[in-house]
Amino acid sequence: AQSVTQLDSQVPVFEEAPVELRCNYSSSVSVYLFWYVQYPNQGLQLLLKYLSGSTLVKGINGFEAEFNKSQTSFHLRKPSVHISDTAEYFCAVSEGSGGSNYKLTFGKGTLLTVNP
Amino acid sequence: DTEVTQTPKHLVMGMTNKKSLKCEQHMGHRAMYWYKQKAKKPPELMFVYSYEKLSINESVPSRFSPECPNSSLLNLHLHALQPEDSALYLCASTERGRVGEQFFGPGTRLTVL
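Heads up: the protein sequence lines correspond to chains D and X, in order. In terms of my numbering, the first sequence opens at residue 68 and continues consecutively. In terms of my numbering, the second sequence opens at residue 12 and continues consecutively.
Hints should not be assumed to be uniformly reliable.
[To be verified] Per label pair, the in silico range of CB-to-CB distance:
no.: 1; chain 1: X; residue 1: T122; chain 2: D; residue 2: Q112; range: 23 to 31 Å
no.: 2; chain 1: D; residue 1: T122; chain 2: X; residue 2: P80; range: 21 to 29 Å
no.: 3; chain 1: X; residue 1: Q93; chain 2: D; residue 2: Q112; range: 43 to 51 Å
[Said to hold, decoys possible] Below, computed lysine-lysine pairings styled on DSSO-like, alpha-carbon distance capped at 27 Å:
no.: 4; chain 1: X; residue 1: K51; chain 2: X; residue 2: K64
no.: 5; chain 1: D; residue 1: K170; chain 2: X; residue 2: K33
no.: 6; chain 1: D; residue 1: K116; chain 2: X; residue 2: K29
no.: 7; chain 1: X; residue 1: K33; chain 2: X; residue 2: K49
no.: 8; chain 1: D; residue 1: K125; chain 2: X; residue 2: K20
no.: 9; chain 1: D; residue 1: K116; chain 2: X; residue 2: K52
no.: 10; chain 1: D; residue 1: K175; chain 2: X; residue 2: K51
no.: 11; chain 1: X; residue 1: K49; chain 2: D; residue 2: K136
no.: 12; chain 1: X; residue 1: K33; chain 2: D; residue 2: K136
no.: 13; chain 1: X; residue 1: K51; chain 2: X; residue 2: K33
no.: 14; chain 1: D; residue 1: K116; chain 2: X; residue 2: K30
no.: 15; chain 1: X; residue 1: K49; chain 2: D; residue 2: K170
no.: 16; chain 1: X; residue 1: K29; chain 2: D; residue 2: K175
no.: 17; chain 1: X; residue 1: K64; chain 2: D; residue 2: K125
no.: 18; chain 1: X; residue 1: K52; chain 2: X; residue 2: K33
no.: 19; chain 1: D; residue 1: K125; chain 2: X; residue 2: K33
no.: 20; chain 1: X; residue 1: K33; chain 2: X; residue 2: K64
no.: 21; chain 1: X; residue 1: K64; chain 2: D; residue 2: K136
no.: 22; chain 1: D; residue 1: K116; chain 2: X; residue 2: K49
For the record, the hints were derived by calculation from the structure and aren't laboratory data. Cβ coordinates follow ideal geometry from the N, Cα and C atoms, glycine included.
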């Protein structure tokens with residue numbers, strides 16, 4: 068079975084500072100990894116995805132993440148955050164993509180709060 | 012059109028009421044999902060439809076009844092709900108074979124009195 072652990076439930080940072088949101092996963096098979104963002108009172112939006120290939124993936128809004136198979140991690144980073152990045156961030160994993168019975172497993176979320 | 016729409020945005024209902032939530036997408040996606048999200052928690056999967064057929068039911072109580080009348084529409088019929096069912100209900104869709112790349116609607120905020 069697959070699982071996702073987001074190590075920090077809350078991360079406060081100052082505007083223009085760098086940020087890293089940590090995510091570790093466990094799975095017995097190859098996985099596909101994702102980061103979603105949820106702004107207040109909205110649905111989730113896909114930030115970026117790792118399916119295969121280069122371990123450094125770039126997403127929207129200046130975010131990037133690095134897949135590390137040996138450490139089973141997929142940490143999210145941004146070199147300089149804005150107030151508008153304040154949101155809940157969810158790491159997610161899927162063990163497959165080819166059939167209708169595959170599910171997305173979410174971590175518990177990390178609340179990123181950017182302060183002026 | 013890369014949007015998933017949900018109606019209504021807010022819904023307040025009593026425990027004896029019957030109501031329905033509606034979700035619509037016009038991206039040609041053939042997999043559609045219902046999630047329930049409590050405050051400060053991740054979304055919990057409830058149902059998955061693939062090609063208009065129910066493929067996953069996560070042991071959801073029968074007071075929640077999903078329906079997929081066509082490839083663009085997904086409904087969630089509600090009956091005899093409990094106060095603990097109050098939550099944000101999210102709909103999502105994806106191309107078949109891309110389970111991780113889901114497009115989410117803004118959700119319906121449900122309050123059960």
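How the hints compare with the structure:
Taken as a hint, the range 23 to 31 Å holds for the pair T122(X) and Q112(D), whose Cβ atoms sit roughly 25 Å apart. Between T122(D) and P80(X) the beta carbon distance is about 43 Å. The supplied range of 21 to 29 Å is therefore violated. Taking the beta carbon of each, Q93(X) and Q112(D) are about 30 Å apart, not inside 43 to 51 Å as hinted. The suggested pairing of K51(X) with K64(X) is violated, with an alpha-carbon distance near 31 Å, which exceeds 27 Å.
A threshold of 27 Å between alpha carbons decides the hint, and for K170(D) with K33(X) the separation of about 22 Å falls inside it, so the pair holds. A hinted pair counts as satisfied when its Cα atoms are at most 27 Å apart, and K116(D) with K29(X) does not qualify at roughly 39 Å. Our distance criterion of 27 Å between C-alpha atoms is met by K33(X) and K49(X), whose separation comes to about 19 Å. Only pairs whose Cα atoms come within 27 Å are accepted, and K125(D) paired with K20(X) is rejected, the gap being roughly 32 Å.
At roughly 21 Å between alpha-carbon atoms, K116(D) and K52(X) fall within 27 Å of each other, so this suggested pair holds. Proximity of K175(D) to K51(X) is assessed by CA-CA distance (about 8 Å); at most 27 Å being required, the pair is judged to hold. For the hint linking K49(X) to K136(D), the alpha-carbon distance of about 32 Å lies beyond 27 Å, and the restraint is violated. Using a Cα cut-off of 27 Å, the hinted pair K33(X) and K136(D) is violated, with the two alpha carbons roughly 40 Å apart.
The straight-line distance between the Cα atoms of K51(X) and K33(X) is roughly 24 Å, inside the 27 Å bound, and the hint therefore holds. Taking the CA atoms of K116(D) and K30(X), the gap is about 36 Å. The hint is violated against a cut of 27 Å. A distance of roughly 19 Å separates the Cα atoms of K49(X) and K170(D); the hinted pair therefore holds under the 27 Å criterion. A C-alpha spacing of about 31 Å is found between K29(X) and K175(D), which places the hinted pair above 27 Å, so the restraint is violated.
This hinted pair does not check out: K64(X) and K125(D) have alpha carbons roughly 35 Å apart, beyond 27 Å. With a C-alpha separation of about 23 Å, the suggested pairing of K52(X) with K33(X) holds against the 27 Å cut-off. The suggested pairing of K125(D) with K33(X) is violated, with an alpha-carbon distance near 34 Å, which exceeds 27 Å. For the hint pairing K33(X) with K64(X), the CA-to-CA distance comes to about 17 Å; that is within 27 Å, so the pair holds.
Restraint check for K64(X) and K136(D): not satisfied, since their Cα atoms lie roughly 36 Å apart, outside the 27 Å limit. With a C-alpha separation of about 25 Å, the suggested pair K116(D) and K49(X) falls inside the 27 Å cut-off, and the hint holds.
The structure does not agree with the numbered hints 2, 3, 4, 6, 8, 11, 12, 14, 16, 17, 19, 21 stated previously, though it agrees with the rest.
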